[in-house]
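Both chains are given apart, each in its own frame, so use the hints to dock them into the complex.
For the record, the sequence lines run as chains A and B. If you use the numbering used here, the first sequence corresponds to residues 1 to 563, in order. If you use the numbering used here, the second sequence corresponds to residues 564 to 992, in order.
Think of the hints as simulated: they come from the structure by calculation, not from any bench. None of the values given here were measured: they were computed from a predicted structure. Hints should not be assumed to be uniformly reliable.
[Unchecked claim] Only some residues are given here: those of chain A computed to face chain B with a beta carbon under 7 Å:
#1 V91
#2 I331
#3 N332
#4 A333
#5 V335
#6 Y536
#7 T538
Idealized CB from N, CA, C, for every residue including glycine.
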Amino acid sequence: MKILIKNGYVYDPLNKIDGEIMDIAIENGKIVESVSGEVIEIDAKNMIVMPGGVDLHSHIAGSKVNAGRLLRPEDHYKDVEKKTNVKRSGVGHTIPSTFTTGYRYSEMGYTTVMEAATPPLKTRHTHEELNDMPMIDKACLSVLDNNWIVLDYLSKNELEKCAAFIGWILNAIKGYGIKIVNPGGVELWGWGKNVKTIDDQVPPFNITPREIIRGLCKVNKMLNLPHTIHLHTNNLGTPGNYRTLIESMKCVSDLSDGSIILHVTHVQFCGYKGYSWITLSSGADEIAKFVNENKYVTLDLGQIVFGDATTMTADGPFQYILYSLSKNKWINADVEAETSAGIVPYRFKKKNYVNAIQWSIGLELALLIKDPWRVFLTTDHPNAGLFTSYPKLIAWLMSNKAREKILKKVNKRAKSKMILPSLEREYSFYEIAIVTRAGTAKALGLKNKGHLGIGADADIAIYDINPKEIDPSKEYKKVRKAFRKAAYTIKDGKIVCKNGEIVENIFGRTYWVNVDIPKDLLISTISEVKEKFEEYYTVKMENYAIHENELLKSAPLKINSNL
Amino acid sequence: MKTINNVVCSFCGCLCDDIEVGIENNKIVKVKNACSLGISKFLNYDKHRILKPRIRKSNEFINVSLEEAIDECVEILSNASYPIIYGWSNTSNEALRIGVEIAELIGGVIDNTTSVCHGPTIIGVQDIGESTSTLGQVKNRADLIIYWGSNPLHAHPRHLSRYTALSKGRFVKTRKERKVIVVDVRKTATANIADIFIQIKPNSDYELLSALRYAVNNGEIEQDEVAGVPVEKIEELAEMMISCKFGALMFGLGLTMSPGKHRNIEAAIALVTDLNKYTKFVILPMRGHYNVTGANNVTCWITGYPFAVDFSKGYPYYNPGETTIADIIARGECDAALIVASDPISHLPIESAKKLSKIPIITIDPHETPTTKVSKVVIPSSYVGIECEGTAYRMDGVPLRLKKIVDPPDGIVSDEEILKMILSKLRGD
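If we strip away everything but chain B, and leave its shape as in the complex, we get (with noise of 0.2 Å):
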């Protein structure tokens, strides 16, 4: 058995870097250091594998060529008066380069999984900007942590031992020198291992959030509860946050896709802001792809833009709202949709969904899908990470390299010399 030290996993935001490989035969055998979620990904990637590129011809599929997939591709693409470009987020930066050159060639429209997840994180930032830093300054300074809509444990299950509560930083080396507050409507499984559980009411954390500024401010609520928190423990929270030496909040979904959407992040950012008046705090976001930061950073160096792009006046132009593809689905005015390492069909509202499913779709993608079920075009591709390599970006902008371990079966290549060859043939090359 030959071993592979420091593997990246490319599965979740935390990108853990110390992965062990164990390979026999160029299969995984053993995989050591990984969450229990890594561990799967490692052991089951080559399970439910597309292994032919194949063309929806009278509802039947029909495997073809590589050669003739593409040629498809370029057909469906170069006929399209308004295509969308869609997903990203589980593939390479290299990748996305050439989906963005794609985009801007056909003057379509190129989005990322963002849109439907932390888009609002993205707006909030962009209406007031942000305190953060890389998960390092977290491990070695943090004496208080906060997760707020959010529950590491099983979806980034090594982030609290990596980078938070349970790491070993250079100032801060115990468990026991960190406080640990987790805001969410339930009692989730980190709020079992916090020190303070704040249960709030749900669709409340504006409110609560702006109590909390409010009272960092030195302000009297005058209410005796808010957001279903008595006042004395929104009191004693702030004091919290304020003696601390350094202070840092994390938060998921819970906040971002709750009603408020991006005024829940600014109150956020402008709490964590405001309380860098009085001590040292930052604010980071439970990015979830494992690629979906560098996803951001590609589109927003090329076009100046993180996500919903849209190049149909021959420029870049960005509105979410009007420019992000659920939108531009549900208005019916797509005609084609290039989908690279994502599931559009699972994650869409069921309407745009519907919608979706009734224009031609080329789908890239390792694995079979309900997407890949209802395209008209699907090139299956290698694993990134596993079989190809690649750069992504962790969930605090550290880009890592992603490393080739295995070999991909047989015919099979990368997202990126599969858009290359649709590239080449757009331009006629």
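The shape of chain A in the complex, shown without the other chains (with noise of 0.2 Å):
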């Protein structure tokens, strides 16, 4: 299919291109420089042309979220989905079945998303719902640094081995870089505790969350992973945290040679000051002043929406905390020799001060953080609001009288605290597409995704907005809706969702990380590790690994290690 985008203004920052008037060509699923012949043409005349969506942080598909799922049944009730000629059913808010996921990303222009945190031990399952999530293509993360054998080899500084027995875990079941969350935290709340400071102990590997994010930083690189280490920090969702947050950011200062070496994820969650929750006040300016003087770092939000969330996290003690305060349900699922989880329901409120004073950092951040290359728009999906809010972010960060408005609602105590009244900074379109899809793309290291470019897939999504006669500022509803429903989305060169409608129902691929490791480091390795291996868990090595052919649309990046 060949297909021409005429006349739309286009957005597409990785190839610098600020809303000039051009017409995109696609071939064979690719972006081309020029079609002849049977093309489809479709008229983005007064219209948005922007690479499609790329979201580095959602929590779609494995063990974890179907346990929200199930836990859930009253939140699946109000929010239901028909089957159509096109559309599986299925059901919605704030953890919507797989299908439905698929289609509710295409819809807003979404063409791309990474699952951001799946126990190695249960991938299989977390790769068997992505197989039956259509639209998108897709990835996801592998917890592993609560890993008693990646804990051993780093406890005992063996970082050679500890990347190779990375590099086989990811090649084994398919995943896509090295998530961290709350590192010896989450090994300690096996016996129901937790670290409190990056330089606790965590017996019985002698070891220290900061030597583990030191540690995995360095395999990160050794490894030549597409991705950067991605970390939850310690301390999450705790007042005073943002100390902790950047004292680890500061622990890996020294491992960068000027490239991005570290990407944090849903910094609103770890962006607390105050020592307690009454006392609670944003740390957005220390972390901001930080992130725009350490250029080494990547962050997205964890913004706040205030309504229904599911909070889940691998970081079992938080969402143990999570429970104690707000007494709703609560499971936990502690994964053997790797990592647990935890979920709670959570309902974010605008009187509540808390709640007020969260929602207005993760803005904050977004707002005082001057290169949008380094911060990305998320809502840690479904724990700080769900990504279908993604068209009311925009809207805030575009408008400040959307913000406006939102204020004049929050808990009085928590607005006279906050920074956020004081931010007059709006962001551009141009700025939109950064924190949405080509700054994600690139802080993945997906080449050919968020851009336009030759070559690029053609991955697009189209909006039904004129940039040169709409002042966002103060038609922010219009942003709103626009993005809420894309006028085409485009995947891999078929027209996939009109207006807002699903016209076709297509599956796609799921990257992973197939790295080359020398054969004779890769043999030693894992022989050494097998006899741990079956000692620590309970089932065997070889019904660990996840055969290509259990992936629907397998697709590998061949990655040349450092080793």
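Set out below in structure tokens:
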């Protein structure tokens, strides 16, 4: 199929194109110089053309997400999707079923989504769900920081073997990158305990969170992975934790050669100043100052959206704290020798002091951090808000007026403590394109995504809004509406969504990294690991590995390691 | 003889994955590492097989081709106004994925055996959550192990040696380092190897769980005994629970299916949740069929609900008691049934079984069962984990890939392939 998108205002930040009127030609699923012959023409006059959205952190599939679905029938009743000639049926709200998740992303013009945290032992489950998630390309980050074999190697400072083992795991389970979740703390949660600082000891491994973060940062480099380490810090969701965040960012400062080496995720949840929930205030100023001065780190927001959410993370101890505070229903699910998971339904309320402060921190960070290439738009779906709220976030970033409207309704004491009312910055469409697609694709190392240059994947979103006529600052409602329902979503060169309605049900790829590890190192490491593996786990190493044919559309990225 | 290692046993929810199988001339001749149930399954799976698809015509079964049988299925399903699709816990996730799509397409109800088994467990979790873990956490860390209303030595024979009391973990290595408590109405085989056996009065689990929870939370119980157990014993148990380093409570149908049902499970979960104030404690259901956990998961990620999903409105709708098949059949509402890898005629309440036998039933199963005897159409399928591959989830949610180790009989294909043919014909592809 050949498509020509004509006369749209193109925003393609990776190619430095800022709202120029251009034609985009598509052939065989790729962007090409020009097309001729039988061509489908799309008239994008007075519309915005952007690369398809790329979400780098969202909990969409796997054992934890599905446990959340199971836990909350009350969440599904009010939001149902009927079967149509094109679409499978499903349920929505905070944790949509797999098909509905794919459709709802596509309807907003998103084409690639990263599942944010999957325990290696249960990754086969994650892939099964991703196989049932249409419309988008996807991949999953593997939780590796509390893995016993990794900890054993890091504590002995055997980094090469650690890297070889992690390379093997990513190949074996078809993972995309290294996720770190409350390093050391989650292992201690196996005994109902946690760490308090990044220098606490984690018995019996004789290691600290600082050493785990640094070790994995080095391993990530040795393996030459496309994405940096992806860090969920210690002390998440605890007053005063902005210090832990800054220390965690600082602890790898000497490891950068000028390039980006660390991604800290849902940073709103670790931006808290104060000594208790009563004295809570925003740490955004200090965090932004650090990030503005230190170019080796990227962040994503984890922006709060008022309303229902289902909090779910591998950070078991944090979820227990939230359960103790909220007394809502609580799932905990520990995974042997690897990690944990916790789930607590939660409702963020405007009049709640803490919730209002949390809401302001995310936006403050987005507005105080100068470089949009290093702070990305997420809600840590479905933790702080739902991915379907992204258009709302876009409006808040583009319009002071949209923010002021909320500020009028939030808790008054909270408002008096916020930095947000004093911030006047408003994002441009160009910056929105960076924080929702170009920047995220670049951070993930997905070279064919997030831009519209020749050879890029033809994943494109067209939004029915005229950037030259509209003033987003005043007419933010129109912006919100346009980003909620894409005029067109094109995936792999096919029109899959029109005026926010799915017109074709297609299945995207599952990316994973196929790291090339020197044979001798791999063989010696695996033979050393095998005995331990079968002592620590309850499955055989052979049965832990996932065959490529278990993935519906497998897309391995060949990586030459630096080992 | 060819030997295949690390075969996953597709019998019970333990999904032991260390089985060694010897094969000669496409026949299993030797089985190592499996329990007696597993050995019997591997050596006898080929007995009492159905080898030809058949249709019942005026009270007589006639062997037909697979295509004719599929046509008959499509005829029955497309003419039904409220069909039920049931079974699933003894087949692969891949088969169930197709089953859900068929249910959606024809506006039927899809339900799995959870409905008559651990359904109360799921409802309990939906009410208050649960603190749980994979079995490896129990193996590596647990110094207190409780089996409640469950007799694993008979039902899940290797559960103790692979995952709990008799396993060797990283932090807890021997039986001596673990305390084992069994709570049951009678002295079971498992009770015989426990450190403490608590014989509970039948149908009073809720009372004992509540009393334990009260004691754990420092309440003073004024009665002399609860559920036939002296208060001193209850206080001793509570103290053991609080002071362990890692406790695990594993429960079976003795808890889910005795009066109180999901309230029993809620009481057990609440006890375990409260214990996490003092120490680490988890709760795990002893799931029976090898892939009932997978059946819950697949149904849940496609529809949002783990069993009893009604598609008659065009979208998934769930209300146990209304959309569970035993109730639908009892109310006489369904007019056709597709049964996959299950034997509801044997397992349902007798009144429901009688009513079920009056409507056209399609059964897909490797074996003869009472259900095949009263079916209108019977299609034989290959054995998952022996004659074909597939994915299944262990009782704690760990997903495993089942292997194909021998060829199926001539002309016999998998549940997944049969269902795909039915789906494709129903769609008019």
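To see whether the hints hold, each was checked on the structure:
Interface hint at A/V91: satisfied, since its Cβ lies 4 Å from the closest Cβ of chain B, which is below the 7 Å cut-off. Of the supplied interface hints, the one on A/I331 holds, with its beta-carbon coming within about 4 Å of a beta-carbon of chain B, less than 7 Å. With a cut of 7 Å, the hint placing A/N332 at the interface with chain B holds, because the nearest CB-to-CB distance is about 4 Å. Here the hint on A/A333 is kept, as its CB sits about 5 Å from the closest CB of chain B, short of 7 Å.
Interface restraint check: A/V335 against chain B, minimum CB-CB distance 5 Å, threshold 7 Å, status holds. Annotation: A/Y536 was flagged as interfacial toward chain B, and the flag holds, the nearest CB pair being 6 Å apart, inside 7 Å. Checking A/T538 against chain B by beta carbon gives a least distance of about 4 Å; that is within 7 Å, so the hint holds.
Hint check: no violations occur; every hint is consistent with the structure.
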